[in-house]
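One letter stands for each residue in the lines below.
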Amino acid sequence: AAGVIQSPRHLIKEKRETATLKCYPIPRHDTVYWYQQGPGQDPQFLISFYEKMQSDKGSIPDRFSAQQFSDYHSELNMSSLELGDSALYFCASSLRTSGRSSGELFFGEGSRLTVL
Amino acid sequence: AQKITQTQPGMFVQEKEAVTLDCTYDTSDPSYGLFWYKQPSSGEMIFLIYQGSYDQQNATEGRYSLNFQKARKSANLVISASQLGDSAMYFCAMREGFTGTASKLTFGTGTRLQVTL
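Top to bottom, those sequences are chains A and B.
1 is the number of the first residue of the first sequence in our numbering; add one for each residue after it.
1 is the number of the first residue of the second sequence in our numbering; add one for each residue after it.
Careful: at least some of the hints might be erroneous.
To be verified - To give an idea of the chain B side of the interface with chain A (calculated C-beta under 7 Å), a few residues:
no., residue
1, Gly43
2, Met45
3, Phe47
4, Asp86
5, Lys104
Stated by the list, open to error - Every beta carbon over 10 Å from chain A, so not counted as near; a handful from chain B, in silico:
no., residue
6, Thr7
7, Gln14
8, Ser42
9, Ile46
10, Tyr64
11, Phe68
12, Ala71
13, Arg72
14, Gln83
15, Ser103
16, Thr109
17, Thr116
Unchecked claim - What follows is a list of derived Cβ distance ranges for each label pair:
no., chain 1, residue 1, chain 2, residue 2, range
18, A, Thr20, B, Pro30, 22 to 32 Å
19, B, Thr5, A, Lys57, 20 to 30 Å
20, B, Ala18, A, Thr20, 21 to 31 Å
21, B, Glu44, A, His73, 42 to 52 Å
22, B, Asn67, A, Phe69, 17 to 27 Å
23, A, Met53, B, Leu117, 50 to 60 Å
24, B, Val78, A, Asp62, 34 to 44 Å
25, B, Met11, A, Ala2, 25 to 35 Å
26, A, Gln41, B, Gln14, 26 to 36 Å
27, A, Lys22, B, Lys3, 40 to 50 Å
28, A, Thr114, B, Glu44, 36 to 46 Å
None of these hints come from the bench; they were simulated from the model.
Using N, Cα and C, we set each Cβ at its ideal position, and we do this for glycine too.
Given only the sequences and the hints, what does the whole structure look like? Please build it.
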C-alpha cells in the first residue's frame with residue numbers, strides 16, 4: 001500500500017539559507033500535518049491543511065511557511081535557516097472520519113535537515 | 001499543563017517478558033482519542049494502537065494492548081512477549097475532539113524501551 005512520501009530524506013544547508021521539504025500524502029487522504037522533531041525530543045506540531053486550506057497552526061516560526069497544492073502534496077518552506085532548525089521533519093496524512101476521533105496519522109519517514 | 005505525560009524516560013525488559021509503558025493525559029474535552037506510536041532508531045513513526053474516549057473495551061492489536069482507565073486519565077501500553085525488535089522509542093499521543101475538526105496529535109516526551117536477552 002502507498003505510504004506518505006517525503007523528499008528529500010536528508011538535507012544539509014548553511015545558516016541563512018532556505019530549504020523546501022515536500023510531502024505526498026496517502027492517496028485520498030484529505031489532511032496533511034507537519035511536525036518538527038529535534039534531537040531527543042517529541043514531535044512538535046507545526047501546521048496542518050485540510051482540503052488544501054490551512055486548518056491549524058502550531059509552533060511554526062514566521063520564517064517557515066507551508067501550503068498544500070491542488071494535487072494534495074504539501075511543501076514546507078524554511079528561510080533564514082538557523083542552527084536550531086536542525087531536526088527531523090515529519091509529514092503525516094489522515095482521513096477525516098465522522099463520529100469518532102480515530103483516523104490515525106500515517107507518518108512519512110521524515111526529512112532530516114542539518115543546518116551548519 | 002502537559003497534555004500527555006510519560007514519566008518513564010527509559011525502560012528495560014527481558015525478551016519474552018511483558019512490559020507496561022505509562023501514559024497519563026489531561027483534557028476537558030469529552031471526545032478524544034489516544035494513540036501509541038513506535039519510533040525505531042531509523043526514525044520513522046509507526047502507528048501501534050488507538051483508543052477512543054467512548055470505546056467500552058480496551059484496544060488490542062496483536063501483542064499490543066492498551067490499558068485504558070478513563071477515571072484516572074491513563075492509557076498505558078502493554079507489550080506482551082517482548083522481542084528484540086521492540087527496542088525503540090514509544091510515544092503516547094492524544095487527539096482532542098472528533099475527527100471532524102481534523103485536529104492534530106499532541107505527543108508525550110516518549111519512553112525508550114530496551115529489550116535485553
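>> Take the shortest C-beta to C-beta distance between Gly43(B) and chain A; is it under 7 Å?
In response: holds (5 Å)
> Measuring from the C-beta of Lys104(B) to each C-beta in chain A, is the shortest one below 7 Å?
Replying inline: Given a least distance of 5 Å, the restraint on Lys104(B) holds.
> Can the hint on Met45(B) be confirmed by a CB-to-CB distance to chain A that is less than 7 Å?
Replying inline: Interface hint status for Met45(B): holds (4 Å vs cutoff 7 Å).
> Is the Cβ of Gln83(B) more than 10 Å away from each Cβ in chain A?
Replying inline: holds (22 Å)
>> Just to be sure I understand the hint, the distance between the Cβ atoms of Met53(A) and Leu117(B) should be within 50 to 60 Å; is that true here?
In response: holds (51 Å)
> Going by Cβ atoms only, is Phe47(B) closer than 7 Å to chain A?
Replying inline: holds (5 Å)
>> Quick check: does the Cβ-Cβ distance between Gln41(A) and Gln14(B) fall within 26 to 36 Å?
In response: For Gln14(B) against Gln41(A), whose Cβ atoms are near 29 Å apart, the range 26 to 36 Å holds.
> Does Thr116(B) really sit off the interface, with its C-beta more than 10 Å from all C-beta atoms of chain A?
Replying inline: holds (22 Å)
>> Would the non-interface assignment of Tyr64(B) survive a Cβ cutoff of 10 Å against chain A?
In response: Holds: least Cβ distance 13 Å, greater than 10 Å.
> CB of Thr114(A) to CB of Glu44(B), is that within 36 to 46 Å?
Replying inline: Given a distance of about 18 Å, which is not inside 36 to 46 Å, the answer is violated.
> So is Phe68(B) really clear of chain A, every C-beta pair being over 10 Å apart?
Replying inline: holds (14 Å)
>> The hint names Asp86(B) as touching chain A; please verify it with the least Cβ-Cβ distance against 7 Å.
In response: violated (18 Å)
When each numbered hint is compared with the structure, violations occur for hints 4, 8, 9, 15, 16, 18, 20, 21, 22, 27 and 28.
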